[in-house]
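Participant: Sequence:
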Amino acid sequence: MIKKSISRTIAIVSMALLVTSCANMNSQQKRELAEWEAEGIAVKEKDEVTAAVLNVLPGVGDFYNGNVGYGITNLLFWPASVLWAPFGGVAGAQEQNYYATKNYVSSLENNRRRLLDDLDTAFMTQEISKKTYYYGKNKIKKMKVTEFKNEIELRDIIPVKLQRLPASN
Numbered sequence: 003m004i005k006k007s008i009s010r011t012i013a014i015v016s017m018a019l020l021v022t023s024c025a026n027m028n029s030q031q032k033r034e035l036a037e038w039e040a041e042g043i044a045v046k047e048k049d050e051v052t053a054a055v056l057n058v059l060p061g062v063g064d065f066y067n068g069n070v071g072y073g074i075t076n077l078l079f080w081p082a083s084v085l086w087a088p089f090g091g092v093a094g095a096q097e098q099n100y101y102a103t104k105n106y107v108s109s110l111e112n113n114r115r116r117l118l119d120d121l122d123t124a125f126m127t128q129e130i131s132k133k134t135y136y137y138g139k140n141k142i143k144k145m146k147v148t149e150f151k152n153e154i155e156l157r158d159i160i161p162v163k164l165q166r167l168p169a170s171n
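Per the working numbering, residue 3 is the first one in the sequence shown, and the count goes up by one each step.
Careful, some of the hints might be misleading.
[Said to hold, decoys possible] Calculated lysine-lysine pairs in the DSSO-like style (CA-CA distance at most 27 Å, straight line): (1) K32 x K46; (2) K132 x K104; (3) K48 x K32; (4) K146 x K132; (5) K146 x K32; (6) K143 x K132; (7) K133 x K46.
[Unchecked claim] Label pairs and their in silico Cβ distance ranges: (8) D49 x Y136: 40 to 48 Å; (9) G68 x Y136: 44 to 52 Å; (10) K143 x Y101: 20 to 28 Å; (11) N28 x D158: 46 to 54 Å; (12) G42 x I74: 34 to 42 Å; (13) P81 x K143: 53 to 61 Å; (14) T127 x D49: 44 to 52 Å; (15) K46 x M145: 19 to 27 Å; (16) R33 x R116: 26 to 34 Å; (17) Q31 x K143: 23 to 31 Å.
Calculated from the structure, these hints are not laboratory results.
Since the structure is predicted, the reported quantities are computational estimates derived from the model, not experimental observations.
A virtual CB, placed ideally from N, CA and C, is assigned to each residue, including glycine.
Put together the whole structure using the sequences plus the hints.
Facilitator: Have a look at this one:
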């Protein structure tokens, strides 16, 4: 009877550990986040230490991270969840920061695409020569994504005066 209870408890705790550890990012996401951190463009939406400390209380760190399901699981398995919950809180904060950064980088890439569209329009309307077009295109493509934090206009890229600039959306 006692053996069955212990086995059942171990099985339940093991399942809870498995469920709450699924918030981890895969190796590709970790690599991307590390690159963005190195470039200085990572967004820190959630603090990992805060999430870990809050998760000592049953599920509070998970609620802080927006992971309601994990929070409820940790609440249900408290006090045993104190063993794994802080790690889950850190993983959840890292995951939130990854997706916030990914959205930010996507907006910077959109700025690059808008500038390339403006360049295409200037070429198609014969505002610039073929040589100037290729010069501008190469220059834009070689720019780091961090350079698109600020508003960049076509006149900042190509060395000619345009009579009229394409309208950016």
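Participant: Does each hint fit the structure? Answer for all of them.
Facilitator: Evaluated hints:
| no. | hint | verdict |
| --- | --- | --- |
| 1 | K32 x K46 | 14 Å, holds |
| 2 | K132 x K104 | 34 Å, violated |
| 3 | K48 x K32 | 16 Å, holds |
| 4 | K146 x K132 | 24 Å, holds |
| 5 | K146 x K32 | 20 Å, holds |
| 6 | K143 x K132 | 16 Å, holds |
| 7 | K133 x K46 | 42 Å, violated |
| 8 | D49 x Y136: 40 to 48 Å | 46 Å, holds |
| 9 | G68 x Y136: 44 to 52 Å | 46 Å, holds |
| 10 | K143 x Y101: 20 to 28 Å | 26 Å, holds |
| 11 | N28 x D158: 46 to 54 Å | 38 Å, violated |
| 12 | G42 x I74: 34 to 42 Å | 36 Å, holds |
| 13 | P81 x K143: 53 to 61 Å | 56 Å, holds |
| 14 | T127 x D49: 44 to 52 Å | 49 Å, holds |
| 15 | K46 x M145: 19 to 27 Å | 25 Å, holds |
| 16 | R33 x R116: 26 to 34 Å | 28 Å, holds |
| 17 | Q31 x K143: 23 to 31 Å | 25 Å, holds |
Violated hints, listed in ascending order, are 2, 7, 11; each of the other numbered hints is respected by the structure.
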